[in-house]
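Note that the protein sequences, when read in sequence, are chains A and B.
Under my numbering, read the first sequence as residues 1 to 152, first letter to last.
Under my numbering, read the second sequence as residues 1 to 111, first letter to last.
These are calculated hints, taken from the structure and not from any lab test.
Hints are not guaranteed to be accurate.
Said to hold, decoys possible - 25 angstroms max Cα-Cα, derived PhoX-like pairs, lysine-lysine:
1) K61(B) / K19(B)
2) K101(B) / K53(B)
3) K55(A) / K53(B)
4) K41(A) / K53(B)
5) K135(A) / K41(A)
6) K41(A) / K141(A)
7) K49(B) / K19(B)
8) K101(B) / K11(B)
9) K53(A) / K26(B)
10) K7(B) / K49(B)
11) K55(A) / K26(B)
12) K61(B) / K26(B)
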Amino acid sequence: MSVSMTRRQALLMAGAAVAAAGLVDMRTSAFAANNIDELTKAFTGGAKPVAGKIKLDLPEIAENGNTVPMTVSVESPMTDSDYISDVIILSDGNPNAGIATFHFTPASGVAEANTRIRLAGTQHVVAIAKASDGKFYTASKEVKVTIGGCGG
Amino acid sequence: MATSPVKPRIKLDKKEAKKGDIIDVKALVSHVMETGLRKNADGQVIPRKILNKFTCTVNGKEVFSADFEPAVSANPYIQFKFRATESGPVVLTWIDDDGSKIVGEDSITVS
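Could you put together the complete structure from these sequences and hints?
Below is the structure:
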């Protein structure tokens with residue numbers, strides 16, 4: 001192989017490497033500007049979350065990105081032996097991908113939480129849940145934001 | 001650490017429950033939740049100041065907790081549920097970046 005590589009070749013190779021690593025999922029762009037990939041990996045420890053079990057409730061269109069109501073609920077019996085322990089909420093369009101992490105216990109009874117979040121612009125919100133048996137579940141939803149919520 | 005004088009608003013959907021009932025908790029607290037990304041008129045970054053941790057204990061046992069990032073809105077609202085097993089105080093605690101705490105309390109009677 002010649003030492004000098006054209007820009008096109010370099011891009012092709014980079015693209016192939018990313019695809020091979022299986023990073024192209026859930027999002028339209030593999031080149032997310034924020035740290036969503038690192039946070040996902042830190043949360044799952046490299047395990048691949050399966051789609052389903054989570055209901056992520058967000059408005060289709062949020063007029064004000066400063067307060068977007070968000071409800072996440074995960075199907076689970078929430079018994080001592082089978083429960084959802086953690087749910088992380090991530091964004092692919094905010095300056096920082098982390099939004100919130102909820103920690104449930106069997107005493108929670110229902111794995112459901114509601115809060116209001118800031119979204120900087122139109123983007124996907126991703127929820128990943130960790131079950132007590134070590135399985136991971138995921139769901140994502142696109143929210144169109146009319147006015148971003150990052151403040152001037 | 002210091003306890004802030006801010007009074008959170010807490011609402012339990014029922015104060016008296018049968019064992020095993022699911023109780024819905026809603027709480028709202030006044031806080032700027034400054035992201036640390038905004039700049040003031042002089043172009044200086046306004047330092048981050050958020051409530052980064054929320055915990056709920058019932059009769060001393062933790063039932064739910066959450067970690068907040070700057071992407072949680074100002075005056076954070078939180079709603080969650082817990083399963084009633086025993087009577088006791090329901091204590092909600094928010095921890096600020098500066099280490100101070102906001103504490104709110106309610107109680108539940110389980111028959």
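Here is how each hint holds up against the structure:
{"no.": "1", "hint": "K61(B) / K19(B)", "in the structure": "holds, 16 angstroms"}
{"no.": "2", "hint": "K101(B) / K53(B)", "in the structure": "holds, 10 angstroms"}
{"no.": "3", "hint": "K55(A) / K53(B)", "in the structure": "holds, 24 angstroms"}
{"no.": "4", "hint": "K41(A) / K53(B)", "in the structure": "holds, 22 angstroms"}
{"no.": "5", "hint": "K135(A) / K41(A)", "in the structure": "holds, 14 angstroms"}
{"no.": "6", "hint": "K41(A) / K141(A)", "in the structure": "holds, 19 angstroms"}
{"no.": "7", "hint": "K49(B) / K19(B)", "in the structure": "violated, 40 angstroms"}
{"no.": "8", "hint": "K101(B) / K11(B)", "in the structure": "holds, 19 angstroms"}
{"no.": "9", "hint": "K53(A) / K26(B)", "in the structure": "holds, 24 angstroms"}
{"no.": "10", "hint": "K7(B) / K49(B)", "in the structure": "holds, 18 angstroms"}
{"no.": "11", "hint": "K55(A) / K26(B)", "in the structure": "holds, 19 angstroms"}
{"no.": "12", "hint": "K61(B) / K26(B)", "in the structure": "holds, 18 angstroms"}
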